[in-house]
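From first to last, the protein sequence lines are chains A and B.
In this text, residue positions in the first sequence follow the numbering used here: the first is 50, and each later residue adds one.
In this text, residue positions in the second sequence follow the numbering used here: the first is 6, and each later residue adds one.
There could be a bad hint or two in this list.
[Said to hold, decoys possible] If you only want the chain B side, here are some residues facing chain A, beta carbon under 7 Å, derived: (1) M6; (2) K8; (3) F9; (4) S22; (5) L26; (6) H27.
[Unchecked claim] Below, a list of computed lysine to any residue pairs in the SDA-like style, where the Cα atoms sit at most 20 Å apart: (7) K8/B - Y156/B; (8) K139/B - L123/B; (9) K235/A - Y156/B; (10) K224/A - Y234/B.
Source of the hints: derived by calculation from the structure; they are not laboratory data.
For glycine and all other residues, C-beta sits at the position ideal for the given N, C-alpha and C.
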Amino acid sequence: MLLKVIPIAADNYVAFTFFIGYIAMLAASVFFFVERNSVSDKWKMSLLVSGLITGIAAVHYYYMRDYNLGTMELWKELGNAEGTGDSPTFFRYVDWILTVPLMCVEFYLLTRLAGATKSLLWKLIFASTWMLVCGYIGESGLLGTGTSTQVTWGVLSTLGYLYIVHSVWIGEVAKLADSSGSDVVKKGVRALGWFVLVGWAIYPIGYMCQDGGWLNTALGWGSQNIDVWYNLADAINKIGFGLVVYRIAISESKKELAK
Amino acid sequence: MNKFSFLYLVFIYLLGSVYTLHNDIIIEHQIIGSFLLIALIGIPHGAIDNVILQSEYKMSKFKFYGLYLLSIVLYTAMWFFLPVYAFFLFLLVSAYHFGESQLVNHLSKVKVKKLIFLLWGVALISTLFYYNQKELSNLFYSNYDTKDLNYILKSNIIKYVYVFSNIILVAYLIYLSFYKHISRYEINKEIFQIFLIHLTFFLFPIIISFTLYFVFLHSLKALSQEFKYLNQKVEKTSILRFIKILFPHSFISLLFVSILIILSQKNIIDVSELLLLIVSISVITLPHAIVMTKFYENN
């Protein structure tokens, strides 16, 4: 059986970044799983979680790539000269609902030795799930379309995001990292904090770029531009996040070996 | 990120939501919202200058009020005779004061810190003016006695000041980090805050932009520092007691400005409301900035 080959234009950056995203996430997963053998037992779980995050994302990006290219072909056949594919909103949220709580699990694992409790873990998981469920309802139009509905769910979603930002920068996670006694953990949690503050900000920005959204109207940023940014942001956020965790795990493992 | 930057971020997202819903906030609502925030938080942050100066220099109340009022009277006279120069002085004093409150904790050992304070403030104000030139120009042209203040917006002065001050500032902060005068973590936070400020000034109208910066990044931070100072150096103070200490001078300032605005609206004094506001704020900014410089030097 021959595969149907879909021609991709040289300037189709959305397709380009889907391909890169999928392969890069897969490579990162392999790296994290293999490198589990290089760290002490205490840190193996953290690398496993990093590998799972990028592995889950790799699978979803594989399907997102196909969805984007498939819809591109469909619109071409229906006479759309530009033929850009649809944004795979459904797949994105399926991916995020799994990987974002896992990223919150990383914060718990990093600060566990400094006294982080299961209660912190559940609070972060709840906040991230809240953020994503509300975001999906608003972006998909599941419970109604219209600007006021989108804004309402957007605000509710942002509450979850701001809770996580607060916890990581000022609240419980930040305080635990500061009291961990390890410079590496402290710096590592701060680095992860930047991913949450800057890297994850792409998602509410993307939300506001939907048709009729403020950034869509004020700056002309539309959903076709935002797919490229989502793909790049996802790759950097997930792989970069995992690499920071890896660096902490390696440094702390070396310290333990030296004792 | 500290709690003040966090609040700033929260309000950015909140305003983003409002703008998505309504596409605009009418000028009357902008003024009301800004006035409330500035009245509740902005004005009070300067309301214990007397406590600070009297505590630091064992100054009598008579001497304090004498000096404070003298500077107000002299500066008001300058506005009367040389309004454009008075406005420039206001911008320079504000720039230095904003920069000082922002960076004083980081630059205690840096020799050229006063210049950097001024640079930070100039970058801030030029950014605000550059992104909102048209709006500012319309605002100044809307009254006969503020038209001349448009001088600063002429012939690309603002553009060059904006570009050079921001480039030099960021470059210098990176230099300080490179030579370990400040940790990379602190520099990253400062540069991120500069980026947030640029974003706000670009996206939102001038009144909202300035109010957000002034209230959350400047006044709240100063109030927090003043509260800690009172507790450590003067007397143990609860938040309620602190508010009571802030109240008298805050009330007097607001009352005075309100009376002037009413007199202007009823054409009893021949000065536009806009100019009255600018003059009122500038004449209390000068002595306040001097007091806070002494405060930061000694603490």
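Given hint M6/B near chain A, where the shortest CB pair must fall under 7 Å: holds, 5 Å
Any CB of chain A closer than 7 Å to the CB of F9/B? It is violated, given that the least Cβ distance between F9/B and chain A is near 10 Å, above 7 Å.
Agreement of K235/A and Y156/B with the hint, judged by alpha carbon distance not exceeding 20 Å: violated, 50 Å
Please check whether S22/B passes as an interface residue: C-beta within 7 Å of a C-beta belonging to chain A. holds, 5 Å
Take the C-alpha atoms of K8/B and Y156/B, compute the straight-line distance between them, and say whether it is at most 20 Å. violated, 38 Å
Given the hinted pair K224/A and Y234/B, is their Cα-Cα distance within 20 Å? violated, 24 Å
Agreement of hint K8/B with chain A interface, Cβ distance less than 7 Å: holds, 6 Å
Given a cut of 7 Å on the nearest C-beta pair, is the interface hint for H27/B held or broken against chain A? Constraint on H27/B not satisfied, violated at 9 Å.
Starting from K139/B, check that the Cα of L123/B is at most 20 Å away, please. Judged against 20 Å, a Cα distance of about 25 Å means the pair is violated.
Status of the L26/B interface restraint (C-beta, 7 Å, chain A): OK, holds: L26/B within 7 Å of chain A, min 5 Å.
Checked against the numbered hints listed earlier, the structure breaks hints 3, 6, 7, 8, 9 and 10; every other hint is satisfied.
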